[in-house]
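Make the full structure from the sequences, and use the hints.
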Amino acid sequence: MRFFLIATLVTLSFAAAQPAAPAGPTGTAKSSPTIDLAGYWVAFVTEDWRFRMIAPHKGDYQGVPLNAEARKIADAWDPAADEAAGNQCKAYGAAAIMRMPARFHIAWQDDNTLRVDSDAGMQTRLFHFNSSPPPPRTERTWQGDSTAQWERPASLKVATANMRAGYLRRNGVPYSENAAVTEYFDIAPLPGGGQVLLVTTIVDDPKYLQQPFIVSSQFKKEADASKWDPTPCTAR
Amino acid sequence: MGSNAVYRKIAGSLATILAAAVLSLFVCRTASAQAEITGSWAARNHEVLAGDGLPVDFTGIPLNEEGRIRALSYSESQLAMVERQCQGWPAFYFVQGPFGLKIWSETNPLKGNVISYTIGAWEDRAPITIWMDGRPHPSKYAEHTRSGFTTGVWEGNTLVTYTTHMKAGFLRKTGAPSSDEAMMTARFYRHGDILTVLAIIEDPIYLAEPWILSRSFQASAAPLSPIGPPCVSTYEASVGETAPHYLPEKNPFVDEMTTKYGVPRAAAVGSPETLYPEYRKTISPVAPLR
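In the order they appear, the protein sequences are chains A and B.
The first sequence: position 72 = 72 (the working numbering), numbered continuously.
Quick note, the working numbering runs 236 ahead of the 1-based positions in the second sequence.
All the pointers check out, no bait thrown in.
Per the computed footprint, the stretches of chain A lying under chain B, defined by three or more beta-carbons under 8 Å from a beta-carbon of chain B, are: (1) 47-53; (2) 154-160; (3) 176-190.
Here are some, though not all, of the chain A residues that point toward chain B, as calculated from beta-carbon distances under 7 Å: (4) G63; (5) P101; (6) L198; (7) V215; (8) S216; (9) Q218.
Hints listed in this document are in silico derivations from the structure and should not be mistaken for laboratory results.
Model, not experiment: these values are computed from the prediction.
For glycine and all other residues, C-beta sits at the position ideal for the given N, C-alpha and C.
In structure tokens form, the structure reads like this:
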């Protein structure tokens, strides 16, 4: 009896001390989410209103830790030139898209790929959960290549690189093609019903930033796609 | 006492020990799921939460009509009044102000559990104590203070806090008002060396819908002060016999955001519809200067 009790104690102690198990090797990202991000989310623009809802004046880069080289580029912003060159989506890249006043549709493209579409700018991001994602494309894109992983107990981490150079803000505040973006997605209940999506975005860019640029953006969940309004990128 | 009785007594004791051990291990496991939030968290002021500093900047705040009227009556000259110079800002200023956070905990010396966390003060913000010991919020008739009364619980590795009993004050330093019925639910998410705080502020008197803010801080190896410099009031000349204010339709600064930045008046005065993307489609983009 004593042996049985001690054995039980040891077994239970060992089991209780183990961290939460990750998804099994045969499980897919879709089948083992820590949070359910699927649905329509609308940006709730309570911060940086004048930097997000309208195009700030040229040279207005308050709060962004730019270095001198980046300030020269921001001071030379020319939206007409961007339009002429077909670069009107420079402010819609992965480093800035979640800061846009937009709606986002999040859905599973397949068992290991989460797809995020924006109506403003009509951009598509793909978050790959595969342990061995496809090799980076030789051609850079606005949204780059993103790898994702669930974080226990309730969060999503996304790392993005291989982007085209773009803008952190509409008015030509630059990030380089060497920038790397790390994002955390968290969900919270909204008093009175509903959900809030919180996205923390960290942009590392040794070329143009003196320190990582960190912002957090919040979104409300919408019941359906009734307010979904795809519109192309605009440079202003 | 026979051998069977002794055996039963030993077995009973072992069973009790076993149950206690298993229970304590599960408690430890729950504790290990929590995140460490104590320490010094440096501000990274990369987003503007406190307004631009212009007198009428209520952009991003979903004020209701009463809140808007009250906000537009505010004159910053009130801060020249000796009795108001050190009044400070409500608890939600900790996610808006330019300072970092110093957070520490008080623990039960016998059980080791956290009784409370404290977010240190700054010159114009009182310290916030987050009670983790399950105590209830006081009666609605209890005293209201600048920092209010806050309780907290862990949901996984997220600290969730709930604040009530704040004095009437301001949602933003530019004069958007908060009532003594305002409440704040805050969530502290730690991801590596980043601490992001999501604050949801409800005010049935002045807000049309909950106001949602978030702010990120970065772990700092350099210790931050748990207190700010003292606020010392001083005579700044007479402001007249009444508190400085503007009568309805008489605020001379109502169009400053429009003049300086091209922000429409409806957005500057905190109309709720201006917080959603579709509003952008009703306004003109701002032409670049220079």
